[in-house]
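Since the structure of chain C is already known, use the hints to place chain D on it.
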Amino acid sequence: MNIAVCVKEVPSATSQRRLDPGTKRLDRSGDSEPNPFDVHALEEAIQIRERGADVGEIVAVCMGPESAQRVLTKALALGADRAVLVTDAALAGSDIAGTAYVLAAAVGKQDADLVLLGQQAADADCYVMAAAVADHLRRPLVTQVAELRVEGGTVKAKRQAEHGYDLIEAPLPAVISVSDAINTPRLPSIKAIMGAKKKPLETVSAADLELDAGRVGGDNARSVVREISPPPAKAEGLKIEDSGGDSAEKVVAFLSEKGLI
Amino acid sequence: MAGLLVYVHHDDGEFSPQGLGLLAKAAGLGGEVTAFVAGPGIDDGWAGSLGGHGAAKVLVADDAALGGLSQPIVDALAPAAAEADAVLFGAGVVSADVAAGLAARLGAGIACETTDIAMTDGGIVATRPALDDTIMVESGFSGGPGIVLARANAFPVREDASGTAPVERIPVSVEDWSQSAVLSGREQASTAGVDITEADILVSVGRGMGGPENVPLVEALAKALGGEVAATRAVVDAGWVPYSMQVGQTGKTVSPKLYIACGVSGAIQHKVGMASAGTIIAINKDQNAPIFEFADVGVVGDALAILPKLTELVAARKG
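Going line by line, the protein sequences match chains C and D.
With our numbering, letter number 115 in the first sequence gets 115, and the count goes up by one each step, no holes.
With our numbering, letter number 138 in the second sequence gets 1138, and the count goes up by one each step, no holes.
This is chain C alone, in the form it adopts within the complex:
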């Protein structure tokens, strides 16, 4: 069994994130890191192998600018066997629909039985890529998975839902998005970081994937940002200094005045 893990390059958590007022796209010029949610997906791939499944290879797949090589190098240090970066000027500015189309095409070429993604992207807070990729690949989907078992040709997943958990079974090949509750990602050792540079990192273009040029890139985005603006201002709150619990009456008075009790 081979596993492909989709990894997105996102601005690092410590960087000041902003939208470029000109392009209205996320400014990606600062420090970046692998989407933390995708790191859980990669960790799960490694753990599936460690639990004894016959995993041939784990391949990390990323679509992004050249700079995303850094993120794939980190994925290799964490335990991926090889990495594929889909990068092409023609893909810049692709929206969710375009990105899902490209990722599905890239993953589809990896001979992967299991495709893993994180539950959402930390930069856009969207949680739609797994379902969109699964639809393109016409493969079964399970999202928001908190526990995953691979038994023979079947995945058994426990999925977080509004009411608790759904227990879902699907035949391989399948597409799974994992919740960040599924595991605790390891930190790479110095040896693994050094070794990552020797692992294969392949770069592919839109042409290599035989993509329909009319479905990718900013010019073909079906969802277009029209305006960006500051959020509505919120009035300054009331501040109460408590002493031994004496604020309780003021809080109750406030709740009462607001009609909340």
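Because the hints were derived from the structure by calculation, they are not lab data.
One should not assume that every hint holds.
Keeping only pairs whose Cα atoms sit at most 30 Å apart, straight-line, the calculated DSS-like set for lysine-lysine is [to be verified]:
#, chain 1, residue 1, chain 2, residue 2
1, C, Lys250, D, Lys1057
2, D, Lys1057, C, Lys258
3, D, Lys1309, C, Lys239
4, D, Lys1285, C, Lys239
5, C, Lys258, D, Lys1285
6, D, Lys1309, C, Lys258
7, D, Lys1285, D, Lys1223
8, C, Lys234, C, Lys250
9, C, Lys258, C, Lys234
Only chain D this time, still in chain C's reference frame:
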């Protein structure tokens, strides 16, 4: 079928308030609003009751394959969706998966975390807060229907829903591959029946509450107020309370009328899950806690001392 198509999810015989709220919003935009309901054994009268929430018409896809997972629903929905100007989805795990699968199927644009929708000369426009709610982003669509996925509780349900809409049963064709994943069972979380996303009042516990032995103080206040208990990720990770109570980036997004945060610092990962609450009251010993920047009432003090008095006063007032 031009106009707005609203997917209304349901579970255990109840329509999701997320879908109902979206119907109400859609009806206020003008134009034809059609609701879409999928499942096995859908009752016409029940489906028609969506008319009271804003639907002018209800499409029903009734098939044994539509029993809970998203992929067969995409098959059932795609033909009608392809003809619509926009397809709207409320928040929820299955609802979001249907929206995303449909976007791929139709090659359509999708807007996530939507908190406002407008109809303009240039088509439908979806607005969302982004980058930890520091900026508002308005998106339009081109080349086919726009798919709009709402943030939890962004749109309130009509309180005075009455009336019915005509129901049309549509032919359903589900592909083999999309039925290959199977829902084999369900586990209720230990807080069976409680869904914090639908509570009007939440009292949340953060690490500043000290330890799990103090969670009952929060539970007591929640009970006195007629609300539910929520929690931060740190507290869930530490095992004080179950994941189903977690609010924030990796938990649930809530917007109750009242949110009382006890010992919650208000880290951005928590804030994105609750900042749209109607009224936020924060109790924290640390006067520099970020939550004071967006709380309506900030109490600098020890929640362990304040909560019992607060509970007592609330209980007395409620009599």
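> Given the proposed pairing of Lys1057 of chain D with Lys258 of chain C, does the C-alpha separation stay at or below 30 Å?
Replying inline: With a Cα-Cα distance of about 38 Å, the restraint between Lys1057 of chain D and Lys258 of chain C is violated, given a limit of 30 Å.
| message | Between the alpha carbons of Lys1309 of chain D and Lys258 of chain C, is the straight-line distance 30 Å or under? | response | holds (20 Å)
Item checked: Given hint Lys239 of chain C paired with Lys1309 of chain D - CA-CA distance at most 30 Å -> holds (18 Å)
Proposed proximity, Lys1285 of chain D with Lys258 of chain C (alpha carbon, max 30 Å)
Holds - the C-alpha atoms of Lys1285 of chain D and Lys258 of chain C are around 25 Å apart, at most 30 Å.
- Message: Hint check: Lys258 of chain C vs Lys234 of chain C, CA-CA at most 30 Å. Holds or violated?
- Response: holds (17 Å)
message = Checking one constraint from the list: CA of Lys234 of chain C to CA of Lys250 of chain C, max 30 Å. Satisfied?
response = With Cα atoms ~21 Å apart, Lys234 of chain C and Lys250 of chain C stay inside 30 Å; holds.
| Is Lys1285 of chain D close enough to Lys239 of chain C, meaning Cα to Cα at most 30 Å? | The given pair, whose Cα atoms are some 13 Å apart, holds under the 30 Å limit.
- Message: Just to be careful, I want the Cα atoms of Lys250 of chain C and Lys1057 of chain D compared with a cutoff of 30 Å; is the pair within it?
- Response: Status violated; Cα separation ~50 Å.
(Q) Does Lys1223 of chain D sit within 30 Å of Lys1285 of chain D, going by the straight-line distance between their CA atoms? (A) Given pair Lys1285 of chain D, Lys1223 of chain D holds - Cα atoms ~23 Å apart, limit 30 Å.
Checked against the numbered hints listed earlier, the structure breaks hints 1 and 2; every other hint is satisfied.
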